[in-house]
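Visitor: Listed here are the chains, written in short residue letters.
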Amino acid sequence: MTYPFLHSTWYAAALPEEISRTPLRRVFLDEPVVLYRRQTGEPVALSDICPHRFAPLSKGKLIGDGIKCPYHGLEFDSGGRCLHNPNGNGVVPPGAALRAYALAEKYGMVWIWMGKASEADPDRIPDFSFFGTRYRAFGGCQHVKANYELLNDNILDGGAHIDFIHAGLKPEGEYTRHSEFRREGDTIHSDGWWLGAKLMPFMRALWPDVETGDIYNFVRWDAPSVVLVDAGLKVPGATLADPPLGPAAHFYTPETATTTHYLWLVSRRAELNDDKLDEFVRSAGNQAFEMEDRPIIEAQQTNMVGRDFAAMRPVSFSSDGAALLARRILARKIAEEQSRPQDALARSSAA
Amino acid sequence: MTYPFLHSTWYAAALPEEISRTPLRRVFLDEPVVLYRRQTGEPVALSDICPHRFAPLSKGKLIGDGIKCPYHGLEFDSGGRCLHNPNGNGVVPPGAALRAYALAEKYGMVWIWMGKASEADPDRIPDFSFFGTRYRAFGGCQHVKANYELLNDNILDGGAHIDFIHAGLKPEGEYTRHSEFRREGDTIHSDGWWLGAKLMPFMRALWPDVETGDIYNFVRWDAPSVVLVDAGLKVPGATLADPPLGPAAHFYTPETATTTHYLWLVSRRAELNDDKLDEFVRSAGNQAFEMEDRPIIEAQQTNMVGRDFAAMRPVSFSSDGAALLARRILARKIAEEQSRPQDALARSSAA
Amino acid sequence: MTYPFLHSTWYAAALPEEISRTPLRRVFLDEPVVLYRRQTGEPVALSDICPHRFAPLSKGKLIGDGIKCPYHGLEFDSGGRCLHNPNGNGVVPPGAALRAYALAEKYGMVWIWMGKASEADPDRIPDFSFFGTRYRAFGGCQHVKANYELLNDNILDGGAHIDFIHAGLKPEGEYTRHSEFRREGDTIHSDGWWLGAKLMPFMRALWPDVETGDIYNFVRWDAPSVVLVDAGLKVPGATLADPPLGPAAHFYTPETATTTHYLWLVSRRAELNDDKLDEFVRSAGNQAFEMEDRPIIEAQQTNMVGRDFAAMRPVSFSSDGAALLARRILARKIAEEQSRPQDALARSSAA
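If you read the sequences in order, they're chains A, B and C.
Numbers given in the numbering used here equal positions in the first sequence, counted from 1, plus 140.
Numbers given in the numbering used here equal positions in the second sequence, counted from 1, plus 140.
Numbers given in the numbering used here equal positions in the third sequence, counted from 1, plus 140.
One or more hints might be untrue.
As the list makes no split between identical chains, a pair holds if one copy fits it or if it spans any two.
List time: in silico PhoX-like cross-link candidates among lysine-lysine, alpha-carbon distance up to 25 Å [stated by the list, open to error]: (1) K416 <-> K310; (2) K256 <-> K208; (3) K201 <-> K310; (4) K285 <-> K201; (5) K473 <-> K246; (6) K199 <-> K310; (7) K310 <-> K338; (8) K310 <-> K374; (9) K416 <-> K285; (10) K246 <-> K208; (11) K208 <-> K310; (12) K416 <-> K473; (13) K246 <-> K338; (14) K256 <-> K285.
It is worth saying that the hints were derived from the structure and are not from the lab.
Sequences are here, hints too, so could you generate the full structure?
Guide: Right under this line is the structure:
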């Protein structure tokens, strides 16, 4: 209940197509939230706990831009204000409001700000501007039984786990592995290289004319768990055709201390209207995550049995630098937030 | 384990037909109890934990009016005294007794007193005397994943939730809603009215000649969770035929802090020997509870995540008076019980 | 997590045929362990928590006599030393080791020592030398949702529970029950007798010519939960043919505070190469445990609701002497272990 999450930050909340005129309940950072769209299409996020008797609004009905509690008919507007109390003398008590969360629909994703809505600035969402422009993105949302930082660790290991658990994503033959990371402000760039590698079937399908090259996997991480992955191929001295696939994004949004909403986007060039390619990319991603990452990551959580990372006394390597830096940046931001004079976590009704 | 329940009071334990010569285990207020009948038919309630090695007596066999532990054959009489120890030197140690709970079979229900058996007085069971006389009652027992006070709240809202979640029980057309409650000692009467209402199909089936009238829903509550509901129709200036349906009773017996045995009785006029009517009433009740009340009430409990009512800081309305009064009466009775010089909760063997 | 188990002792870990070149995960005393065999066949037990990021080695692959972590490819030898780190600069940090547990394959069972490996002496395993010599043993491993001491209690009651829950193992007609126990060091012998008893069908099948005799059930217990049962028949003044069945062994190895690996061996004379007899013995044992013991023992645990034995304030009889003595011996050994200046529970890498 009091797990130290970072609140004053943007989390991926849902794919745009998940939010509609049918209310959707989703728990973020242990807080139940109802998501739906206004009649104009703008997304809304309100506490999914009615302040009267705690019924979930998500089981209620939309009334115009607002929502009606299924239990006693309280009607709230999209800012969380109670506009109508059909009970008793009809008085709306001062506290009868739902916390309203700031949302932003940007880069093919709906983002939620879990801190004070008045501090939410969509410009602080890391840049994913190629999605929805040059590239057509499509995505998914999967539920993972593990703490979200284990997923940060996974993506920030310089591609190391690819060599061991993702057979289909690993180059063939001999190659030179290189990885490095650098920090820009609180952004981490973690680059993995397979130099002079023979292309695996996955890449050969994208560049049929190329046999070997320098395969890269560039990861950009921002706190708390917002990740861009740009994977591709360079052939020294050659100019390759633009790859049909563009970058991918991975967002690890905490549900609870031990469960995570894993939202992702993959992309291909917008002009390639190729359902087969979409399906190929989707199923390759699914194979990698469902069959390869998930069993290990959930087993890590099982082995932790409620202990946190430090209590496990982990041994680390030079290749863990990026992942450990992410943990440090995140810990610092959480400590800063918790020491702020104004409690950023205070329940606030609509502005 | 130490949830503050009220012990010195009557709870509905089981329908008469649930208790037989086959032992039945049921947990009340976190205490496992075995229920069965003596050869004469009188019901018995004993602790379902053998004092020797904690085996459940309910897996054992009845020996005359007593019960034999399945594990090492200790035989207890229906008062919980150990009469025979077939082990070792056969000595029965002083503590080898099962707590015996007082029961009363009354008004078509078997009641259990969870406090000191010597203080149990069946006259303190609220009056449900029409059941089994003018009216024929039949009932059910359902398991609910919610604290029993959420069920008290539900029934004591002056019919408010009927307007929102029970479409089939709500009058049609225009009407005037009125609700009020009054206190008589520790009994609460909460009356809901739909004045000048057009009858819903449910009521039209009972009074085919009536189009509109004043529909009422009278609730009588006694601590801890013993409820009579008398719902019906008045037509000003007219004398209606006796309704085929009589009152209903709802009993919310805590199993644990977050689960409840919901026992209920519905009734129809005894002379109407109409299986179809029984079936109609049973299925309407089932629809109302299973499809409409249960999802909301269990979702309230989910949203509470182990917090209690006060910790949720609920906002209340004038229409919540009866439900809040019930919570106050119950809290006062629990506080009184816990401050009694003699511990009413003390384990006691048979008198 | 901090349940006071005895660590410096031998526990049955697995049947020999359960350990192979496919890694097996099994949790003992709340510690995840991976079991496999070296190429020469010797069994290996290592911590199933990679010191790097806690992935389970049991999902990895065997490399020669060692094992490779599935997540980042760390390779450990069969002593738990990390021999190869394919990540980053390849340095193996000092702490990058898996705790190695001492094993012994003896008497048809693989045993694990949960304390310091350097103190493990296979001579301290209680004698089960007839298994695999004069008698052919076969066994099983079953998971029980109960604390292992409830299983000790079960076997050490002088056969008392046989009279009540094992109808098929109980003699017929009139007989005289006698039971006694004695202590030799920390070994307990608990003998049960059914004197002058009419053989039950089970025994009549083994000694077709005998009608009545003195049936015995001799139990030898060693801490923490290592049990030999020798059951048979004596006919005063007669010399019986060697019974076709030999002794049985029961090992209750804690998984957690409330769950147990129940490993067992039954035996028959080696020269009787009779699959039907094996099947008969196996199914009789299965009936006794699965249908008769397990429901009671798991129900005991349910009735304890997280409380320990003493908190249940059990009433005991003269016939509980052996079981209570076992609890006392075990408690003394645990207290001794916890007061040792050197922490026997300290994580230790390979010697």
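Visitor: Evaluate each hint against the coordinates.
Guide: Evaluated hints:
Proximity of K416 and K310 under a CA criterion of 25 Å is satisfied intra-copy only: 22 Å inside one chain copy versus 52 Å between copies. Within a single copy, K256 and K208 get their C-alpha atoms as close as 24 Å, which meets the 25 Å cut-off; across copies the closest is 47 Å, which misses it. Proximity of K201 and K310 under a CA criterion of 25 Å is satisfied inter-copy only: 18 Å between copies versus 49 Å inside one chain copy. In this assembly of identical chains, the alpha carbons of K285 and K201 lie at most 25 Å apart only when taken from different copies (24 Å versus 31 Å within one copy).
With identical chains, the CA atoms of K473 and K246 are at most 25 Å apart within one copy only, with a shortest distance of 24 Å there and 56 Å across copies. Taking the shortest Cα distances, K199 and K310 sit within 25 Å of each other only across copies (19 Å), while inside one copy they are farther apart (46 Å). When the C-alpha separation of K310 and K338 is checked against a cutoff of 25 Å, the pair qualifies only within one copy, where the shortest distance is 10 Å, while the shortest distance between copies is 72 Å. Proximity of K310 and K374 under a CA criterion of 25 Å is satisfied intra-copy only: 16 Å inside one chain copy versus 70 Å between copies.
In this assembly of identical chains, the alpha carbons of K416 and K285 never lie at most 25 Å apart, being 31 Å within a copy and 46 Å across copies at closest. When the C-alpha separation of K246 and K208 is checked against a cutoff of 25 Å, the pair qualifies neither within a copy, at 28 Å, nor between copies, at 42 Å. Within a single copy, K208 and K310 get their C-alpha atoms only as close as 52 Å, which misses the 25 Å cut-off; across copies the closest is 18 Å, which meets it. Proximity of K416 and K473 under a CA criterion of 25 Å is satisfied in neither setting, with 43 Å inside one chain copy and 67 Å between copies.
With identical chains, the CA atoms of K246 and K338 are never at most 25 Å apart, being 37 Å at best within one copy and 50 Å at best between copies. In the homo-oligomer, the alpha carbons of K256 and K285 never lie at most 25 Å apart, since the shortest distance is 28 Å inside one protomer and 34 Å across protomers.
Taken one by one, the earlier hints fail for this structure at numbers 9, 10, 12, 13 and 14, listed in ascending order.
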